[in-house]
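**Student:** Start from the sequences and build out the full structure, keeping to the hints where you can.
Take a look at the letters that make up each chain.
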Amino acid sequence: MSRTPSKRAAGPRIRARRRDLGIRQADLARTLGISASYLNLIEHDHRQVGGKLLSAIAAALDTDSGQLAEGAEGAQLDGLRAAAAQRPPGHQGDPLEDPEAIAARFPGWARLVTDQAARIAGLERALTEMNDRMTHDPFLSESLHDVLSSVTAIRSSSGILMGDGAMDAEWQARFHRNIHEDSQRLTESAQSLVAYLDGAAHPERTPMSPQEEVDAWLAERDFTFPAEGPDPDMAPPDTVGGAARALIADLLDTLRADAAALPADRVADAIARHGTDIPALAGEMGGDLHRLFRRLTLFPGGIGGSRAGLVICDATGVQTFRRPVSGFDLPRFGAGCALWPLYGALAAPAIPLYRQLETVGRTPRRFDAYAVALPHGVATFDTPPVFRSAMLILPARAQAQATLRVGAGCRICPHPDCTVRREPAIVALTG
Amino acid sequence: MGKRVLLIEDEPNIVEAVRYLLTREGWAVDTHSNGATALDAVARRRPDVIVLDAMLPGRSGFDILRDLRTAPDTSAIPVLMLTARGQRRDREMAEAAGASRFMTKPFSNSDIVDCLRELGGHDAA
Numbered sequence: 001m002s003r004t005p006s007k008r009a010a011g012p013r014i015r016a017r018r019r020d021l022g023i024r025q026a027d028l029a030r031t032l033g034i035s036a037s038y039l040n041l042i043e044h045d046h047r048q049v050g051g052k053l054l055s056a057i058a059a060a061l062d063t064d065s066g067q068l069a070e071g072a073e074g075a076q077l078d079g080l081r082a083a084a085a086q087r088p089p090g091h092q093g094d095p096l097e098d099p100e101a102i103a104a105r106f107p108g109w110a111r112l113v114t115d116q117a118a119r120i121a122g123l124e125r126a127l128t129e130m131n132d133r134m135t136h137d138p139f140l141s142e143s144l145h146d147v148l149s150s151v152t153a154i155r156s157s158s159g160i161l162m163g164d165g166a167m168d169a170e171w172q173a174r175f176h177r178n179i180h181e182d183s184q185r186l187t188e189s190a191q192s193l194v195a196y197l198d199g200a201a202h203p204e205r206t207p208m209s210p211q212e213e214v215d216a217w218l219a220e221r222d223f224t225f226p227a228e229g230p231d232p233d234m235a236p237p238d239t240v241g242g243a244a245r246a247l248i249a250d251l252l253d254t255l256r257a258d259a260a261a262l263p264a265d266r267v268a269d270a271i272a273r274h275g276t277d278i279p280a281l282a283g284e285m286g287g288d289l290h291r292l293f294r295r296l297t298l299f300p301g302g303i304g305g306s307r308a309g310l311v312i313c314d315a316t317g318v319q320t321f322r323r324p325v326s327g328f329d330l331p332r333f334g335a336g337c338a339l340w341p342l343y344g345a346l347a348a349p350a351i352p353l354y355r356q357l358e359t360v361g362r363t364p365r366r367f368d369a370y371a372v373a374l375p376h377g378v379a380t381f382d383t384p385p386v387f388r389s390a391m392l393i394l395p396a397r398a399q400a401q402a403t404l405r406v407g408a409g410c411r412i413c414p415h416p417d418c419t420v421r422r423e424p425a426i427v428a429l430t431g
Numbered sequence: 001m002g003k004r005v006l007l008i009e010d011e012p013n014i015v016e017a018v019r020y021l022l023t024r025e026g027w028a029v030d031t032h033s034n035g036a037t038a039l040d041a042v043a044r045r046r047p048d049v050i051v052l053d054a055m056l057p058g059r060s061g062f063d064i065l066r067d068l069r070t071a072p073d074t075s076a077i078p079v080l081m082l083t084a085r086g087q088r089r090d091r092e093m094a095e096a097a098g099a100s101r102f103m104t105k106p107f108s109n110s111d112i113v114d115c116l117r118e119l120g121g122h123d124a125a
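Chains G and A supply the protein sequences, listed in that same order.
Read in our numbering, the first sequence has 346 at position 346, and its numbers run on one by one without any break.
Read in our numbering, the second sequence has 103 at position 103, and its numbers run on one by one without any break.
These are computed hints drawn from the structure, not numbers from a lab.
Hints are not guaranteed to be accurate.
Quick look at which bits of chain G chain A covers, simulated, 3 or more residues with Cβ under 8 Å [unchecked claim]:
#	segment
1	145 to 152
2	156 to 169
3	172 to 179
Distance ranges between label pairs, derived from CB positions [claimed, not checked]:
#	chain 1	residue 1	chain 2	residue 2	range
4	A	Glu118	G	Ala379	39 to 47 Å
5	G	Met130	A	Ala43	40 to 48 Å
6	G	Val420	A	Arg46	56 to 64 Å
7	A	Glu92	G	Leu123	26 to 34 Å
8	G	Pro375	A	Ala43	46 to 54 Å
9	G	Thr380	A	Ser110	52 to 60 Å
10	G	Thr380	A	Glu92	34 to 42 Å
11	G	Arg421	A	Glu92	29 to 37 Å
12	A	Arg46	G	Ala249	27 to 35 Å
13	G	Asp233	A	Glu92	52 to 60 Å
14	G	Asp382	A	Glu118	45 to 53 Å
C-beta: ideal position from N, C-alpha, C; glycine also.
**Tutor:** As structure tokens, then:
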């Protein structure tokens with residue numbers, strides 16, 4: 001087994017955590033059933049620790065084994081792997097040094113690489129969107145078509161008037177009139193184009209898609225809303241673009257409706273009695289499970305102190321709401337893992353789905369995932385229902401009999417023998 | 001006897017200008033402005049050359065061209081395709097659909113006159 005720097009760093013974190021809690025080394029050793037000298041070696045990184053023992057230490061220190069094993073570098077590691085995934089085609093095969101070593105030894109550089117990769121991805125997206133807009137924006141293409149048609153008619157008519165050769169007065173008057181008409185039309189199309197471009201220039205000044213702007217806004221406020229729902233006068237911030245403002249306004253309305261349907265005292269009372277027992281909470285508060293998921297995820301103080309993650313996607317699989325939970329990676333762009341119950345739920349609409357998930361990676365973690373796909377909007381005989389799926393993620397309450405190993409998207413998933421892998425991983429596969 | 005050209009275009013002022021130009025050149029000019037019924041117009045008028053706009057109400061010029069090329073009666077008629085978008089993709093689509101020539105708006109009067117002269121043979125004028 002290789003000694004990677006970040007694994008070496010687990011010792012001091014264990015020591016620091018133990019001291020924070022005021023537990024003596026000998027007492028912790030006894031709890032763990034190991035000798036104090038062995039624990040001492042671990043704390044000074046003279047012994048590797050992993051697997052069951054690390055989990056036991058984490059439990060004894062009331063923390064997460066991932067936190068002890070990876071610490072702050074954990075987040076950087078995922079970022080570095082994602083950055084590696086974005087390498088240009090010609091460099092995909094180049095050997096990369098161990099990201100764990102980089103994250104541990106040069107955390108500042110690791111953060112820089114991670115931030116830059118995120119920014120590059122954002123810019124690439126913005127470019128694609130602008131390109132799409134030039135090609136597909138119906139208003140833009142219609143306006144340009146109008147401009148070109150008017151110009152064509154004017155050019156042709158004026159060419160006829162300017163040409164040699166006799167022309168009777170009636171034709172002359174007709175072409176003059178046509179040019180006049182077309183120049184008016186041209187003026188209108190040009191003006192509406194300018195107005196459109198003027199209006200579009202401001203909202204899109206940030207190199208982010210509207211959904212990313214919403215995500216950033218939510219992250220900035222740490223997904224915090226009053227227990228009674230957003231204040232009636234709370235408005236989307238001016239700092240985001242028009243499209244993101246509309247998305248945020250929708251979200252605020254939804255959250256207000258959620259709070260009205262599931263009043264704060266009722267939710268608090270149910271959480272106090274059931275804790276993170278989602279089936280019990282659903283049994284009691286029932287109704288619209290998406291509403292319940294949102295309400296629970298964003299309830300101040302979490303679900304009995306546990307922070308829940310929530311992903312919502314539409315029928316295309318595009319994520320429209322993303323509240324991450326520590327240890328369970330949600331890819332910033334693109335699809336997640338095809339094994340997520342989020343997607344499975346879409347195949348069995350309206351049927352609640354429970355799965356215990358185990359993340360693939362050096363420090364596997366278990367999560368309880370609850371998913372259900374529900375129709376959105378009103379279906380009619382002309383319009384089929386469109387389903388949205390939501391998945392609530394909580395650190396596992398207890399070890400389930402069967403767990404499903406999932407990743408965070410194929411490119412950065414080290415699962416060695418996944419049967420549904422869509423594309424090769426750019427990280428080393430693990431056992 | 002002049003040759004017949006069918007101008008399928010929905011912008012009335014472009015139609016008027018082109019009709020004037022081509023008539024002066026000795027063409028018998030018929031016009032049609034609806035994409036959906038363009039094939040009927042071709043069958044009725046039996047033109048020697050067709051000038052076809054790519055963006056028509058009712059039906060795309062590319063689709064019309066594809067149908068013209070698959071029907072034995074019309075497969076050999078020279079077609080000049082007009083488009084308001086000079087993008088390479090449009091040109092490729094026009095070529096794939098079987099356009100004899102391709103011209104982007106705004107074109108000059110001499111361009112269209114010369115082009116039609118070539119497509120119709122030199123005896124038109």
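**Student:** With a Cβ-Cβ cutoff of 8 Å, does the segment 172 to 179 of chain G contain at least three residues near chain A?
**Tutor:** holds (count 3)
**Student:** Confirm or reject the claim that Arg421 of chain G and Glu92 of chain A have a C-beta distance inside 29 to 37 Å.
**Tutor:** 36 Å, holds
**Student:** If I claimed the Cβ atoms of Asp233 of chain G and Glu92 of chain A lie 52 to 60 Å apart, would that claim hold in this structure?
**Tutor:** Holds - the Cβ-Cβ distance for Asp233 of chain G and Glu92 of chain A, about 55 Å, lies within 52 to 60 Å.
**Student:** Do the beta carbons of Glu92 of chain A and Leu123 of chain G sit within 26 to 34 Å of each other?
**Tutor:** 29 Å, holds
**Student:** With a C-beta cutoff of 8 Å, work out whether three or more residues of the segment 145 to 152 of chain G approach chain A closely enough for the coverage to hold.
**Tutor:** holds (count 5)
**Student:** Look at the Cβ atoms of Val420 of chain G and Arg46 of chain A and judge whether their distance stays inside 56 to 64 Å.
**Tutor:** 59 Å, holds
**Student:** Using the C-beta atoms of Pro375 of chain G and Ala43 of chain A, is the stated range 46 to 54 Å upheld?
**Tutor:** With a Cβ separation near 48 Å, Pro375 of chain G and Ala43 of chain A satisfy 46 to 54 Å, so the hint holds.
**Student:** Return holds or violated for the Cβ distance of Thr380 of chain G and Ser110 of chain A against the range 52 to 60 Å.
**Tutor:** Check passed, 56 Å falls within 52 to 60 Å.
**Student:** At the C-beta level, are Met130 of chain G and Ala43 of chain A separated by a distance inside 40 to 48 Å?
**Tutor:** Once the Cβ atoms are compared, 44 Å apart, the range 40 to 48 Å for Ala43 of chain A and Met130 of chain G holds.
**Student:** With 45 to 53 Å as the target window, see if Asp382 of chain G and Glu118 of chain A comply at their CB atoms.
**Tutor:** At 51 Å between Cβs, range holds.
**Student:** Okay, Glu118 of chain A versus Ala379 of chain G on CB: inside 39 to 47 Å?
**Tutor:** Violated - the Cβ-Cβ distance for Glu118 of chain A and Ala379 of chain G, about 57 Å, lies outside 39 to 47 Å.
**Student:** Return holds or violated for the Cβ distance of Thr380 of chain G and Glu92 of chain A against the range 34 to 42 Å.
**Tutor:** Roughly 41 Å apart at Cβ, these two residues keep to the hinted range, so it holds.
In the structure shown, a violation is registered for the earlier hints numbered 4 and 12, in ascending order.
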